[in-house]
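S.K.: Sequence:
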Amino acid sequence: MVEHDLNRIFHALSDPTRRAILDRLAAGEATISHLSRPFPLSFAAVSKHLGVLEHAGLVTREKRGRERVCRINPAALEDAHNWLEFHEHFWTSRLEALDTLVGTSPDNLDE
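Count along the sequence shown from 1, add 3, and you get the number used in the working numbering.
Quick caveat, the hints were computed from the structure, so don't treat them as lab data. Certain hints may be false.
[Said to hold, decoys possible] Cβ pair distances, simulated, as ranges:
#1 K51 - F13: 40 to 48 Å
#2 S45 - S96: 44 to 52 Å
#3 D26 - G54: 30 to 38 Å
#4 D102 - S45: 12 to 20 Å
#5 H90 - S45: 32 to 40 Å
#6 L44 - H84: 52 to 60 Å
#7 N85 - D18: 28 to 36 Å
#8 D102 - G68: 54 to 62 Å
#9 L87 - G31: 23 to 31 Å
#10 S36 - V105: 52 to 60 Å
#11 R40 - L98: 15 to 23 Å
#12 S45 - F89: 33 to 41 Å
#13 G31 - V105: 37 to 45 Å
Note that the Cβ used here is the ideal one computed from N, Cα and C, for glycine as well.
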């Protein structure tokens with residue numbers, strides 16, 4: 004995964020409306036008009052949020068007749084998850100090493 008792709012993903016995930024849209028799409032595909040119903044936003048504003056999600060690779064849109072159907076792309080979320088998991092393991096091991104060092108008595112530090 005290229006770093007600018009991760010930047011787009013995390014930027015897209017930084018907005019609560021976009022996260023709510025992803026939560027809705029996790030239940031299944033939906034049209035833009037259906038996705039916009041629960042939000043106090045215009046159709047255009049929801050469409051703009053979907054554009055950010057699509058640019059990040061988190062959502063795909065397909066034209067069906069007069070409507071656009073959206074669906075989640077779990078592969079992009081997996082890339083972000085893998086990045087987070089790597090850093091979680093890294094920092095967990097570093098904090099455990101620090102805990103061990105802090106727990107060592109001052110007399111044993113020179114050994």
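S.K.: Confirm or reject each hint.
M.R.: Comparing the hints with the structure gives:
1. K51 - F13: 40 to 48 Å: violated (18 Å)
2. S45 - S96: 44 to 52 Å: holds (48 Å)
3. D26 - G54: 30 to 38 Å: violated (18 Å)
4. D102 - S45: 12 to 20 Å: Given a distance of about 51 Å, which is not inside 12 to 20 Å, the answer is violated.
5. H90 - S45: 32 to 40 Å: Check passed, 37 Å falls within 32 to 40 Å.
6. L44 - H84: 52 to 60 Å: At 28 Å between Cβs, range violated.
7. N85 - D18: 28 to 36 Å: With a Cβ separation near 22 Å, N85 and D18 fall outside 28 to 36 Å, so the hint is violated.
8. D102 - G68: 54 to 62 Å: holds (60 Å)
9. L87 - G31: 23 to 31 Å: 25 Å Cβ-Cβ, so the 23 to 31 Å window holds.
10. S36 - V105: 52 to 60 Å: Between S36 and V105, where Cβ atoms are some 57 Å apart, the hint holds.
11. R40 - L98: 15 to 23 Å: violated (44 Å)
12. S45 - F89: 33 to 41 Å: holds (39 Å)
13. G31 - V105: 37 to 45 Å: Because 49 Å falls outside the window, the suggested range is violated.
Checked against the numbered hints given earlier, the structure breaks hints 1, 3, 4, 6, 7, 11 and 13 and satisfies all the rest.
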